[in-house]
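Student: What follows is the residue order along each chain.
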Amino acid sequence: MLVIEKEALTTEIEGLVEEYGNTREALLPILQQLQIRHGYISDFAQQEVARMLDIHPVEVYSVISFYSFLSYVPKGRNVIRLCRTICCDMAGKDAVQRAIEREIGIPFGETTKDHRFTLEFTNCMGMCDQGPAMLVNDDVYTKLTPRRAIEILKQYK
Amino acid sequence: MPSRKGIVLFDTKGSSNGLANALKKTRQDIVMEIRESGLRGRGGAGFPTGTKWMLAAAAIADRKYVVCNADEGEPGTFKDRVLLDEYTDLVFEGMVIAGYAIGATHGILYLRGEYRYMLAKLEDALRRMRSENRLGERILGSDFSFDITIRLGSGAYVCGEETALIESLEGHRGEARNRPPFPVNTGYLGCPTIVNNVETFANVSVIMAQGVEWYKQYGTDKSRGTKLVSVSGDCERPGVYEIPFGTTVKELLKLVGGENAKAVQIGGASGICVPRADFHRSIAFEDVATGGSVIVFGEHRDMLHVLKNFMEFFVEESCGQCTPCRLGNPVLLDGVEKIGRGECSMNYLQELFDLGASMQIASKCGLGQSSPNPFISILTHFQDEIFSQR
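As you go down the protein sequences, you meet chains A and B in turn. The opening residue of the first sequence carries number 4 in my numbering; numbering runs sequentially from there. The opening residue of the second sequence carries number 3 in my numbering; numbering runs sequentially from there.
So here's chain A without its partners, still in its complex pose (with noise of 0.2 Å):
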């Protein structure tokens, strides 16, 4: 990482620990918003974060590695989330899962190279009366069908 790349994050983290505060209860939220704006948080961000709320970077860690919305590891500009919960999986999840994968070219867990997607399962998402359901980032889509979701995926450079 250059030198100027992590002042820019520590300039970044300090505007976020002012809007939410230095203590222990505003962590989730300032890993949240790192979460989204750069698909992931880095070592250095995470020691970062520590410095700033006074904890131990590993406390940073910990929670990081708990939630399954929040990560260590780059993710692709657009995550998406098949809930693979029972409602979704009767109503066709298979299907749309075969199909994803084959357009995309990588199976569920994996990240293509070029960062554009991530595939993930995620559990009931509470769309079950509408499945199989999957978010996009943080946009909802229900009553997918195989074609449906390929082409919603189109959406999303």
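These are calculated hints, taken from the structure and not from any lab test. Every clue listed holds true.
SDA-like cross-link-like pairs, simulated, lysine to any residue; straight-line CA separation at most 20 Å:
(1) A:Lys78 with B:Arg118
(2) B:Lys264 with A:Asp92
(3) B:Lys123 with A:Val143
(4) A:Lys157 with A:Arg105
(5) B:Lys26 with B:Glu215
(6) B:Lys252 with B:Asp289
(7) A:Lys146 with B:Glu238
(8) A:Lys116 with A:Pro77
(9) A:Lys146 with B:Tyr119
(10) A:Lys9 with A:Val76
(11) B:Lys123 with A:Pro32
(12) B:Lys123 with A:Gln36
(13) B:Lys27 with B:Arg136
(14) B:Lys310 with A:Asp92
(15) B:Lys310 with A:Asp97
(16) A:Lys146 with B:Arg239
(17) B:Lys310 with A:Gly95
(18) A:Lys157 with A:Pro110
(19) A:Lys146 with B:Gly241
(20) A:Lys160 with A:Asp142
(21) B:Lys224 with B:Gly213
(22) B:Lys310 with A:Ala98
(23) B:Lys123 with A:Asp142
(24) B:Lys252 with B:Pro277
(25) B:Lys123 with A:Tyr144
According to the in silico footprint, chain A covers these stretches of chain B (three or more CB under 8 Å from chain A):
(26) 63 to 77
(27) 106 to 118
Every residue gets a Cβ at the ideal spot worked out from N, C-alpha and C, and that includes glycine.
Let chain A serve as the given structure and place chain B on it in line with the hints.
Tutor: Same frame as chain A, now just chain B:
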């Protein structure tokens, strides 16, 4: 009375005056009325709301908190999504009423990360309520001030457990705490805290608006009021339904167009599987309790596949801090896979049942205590069907 999608309790004219009515009463009266109404927690556990409030109100502290649990993660549950979307004000006003009753000045809505798309709309609702003086300083001309902030989860099912939720709010891993002390004494940041479900708060608003007697005409003696259930799976009309407590599974299935079901999973992955022979049982805290999830399984469903899906869910979502849950769930899942391959003896199956019973006793929080439920109920009711196919 059961109505498709129409939400009787909340849509009834006059259900929106709850906050104004409540602020004219004394704090003690509100707590007594909520106790009198028989309202029980709608998240699934069914703890009497009035008792929880009374304990929090009696606690002596400078700061108290009201937390709304919108971490609706139970498979098959989506009624809170609909409530937050369509009955936002009832939920937020319920929180204000709770704050007034227990003497809190601050409320937090813990919204699950999957519902981030609703955040802007909810923030708008809070701004609107502040501008209408239904939130903020000196609410509706009274001397009571209260404000609500929204915090997001990050995709962890266990954070729906109230002490894990508080841990998460405090910036920690969402690992359940030992109880006691209970959150009503030592909750968020060590302050007395009540954690209630979205639907519970909406019910509070309705009770304050319509009065206790009106409310008590719905439901059974031990389960007052109505319940929102989220129906999904093999039925013609999935969606959110409001039913009075005491409605039988059979009546509900008729309502949703799922009469041909062979089984219904009530209470989500951590609930129990009700086979056709038991469809006369009723949905109520004293019979089949549910946090709102009803999943219908048609004649053609392979129940072992359903069970495998549930056990995979628990293996994934176990937080890992206590041994029975962390190690027990993978063993149960492995057992399900063995059954699928035709390698499970009846002797071993009995051992798995015993393991499940141990997990129910020995796990630290509700997740591990209830995760063997689907294993035990599905393999009890569908044992012959499952084993005859393999």
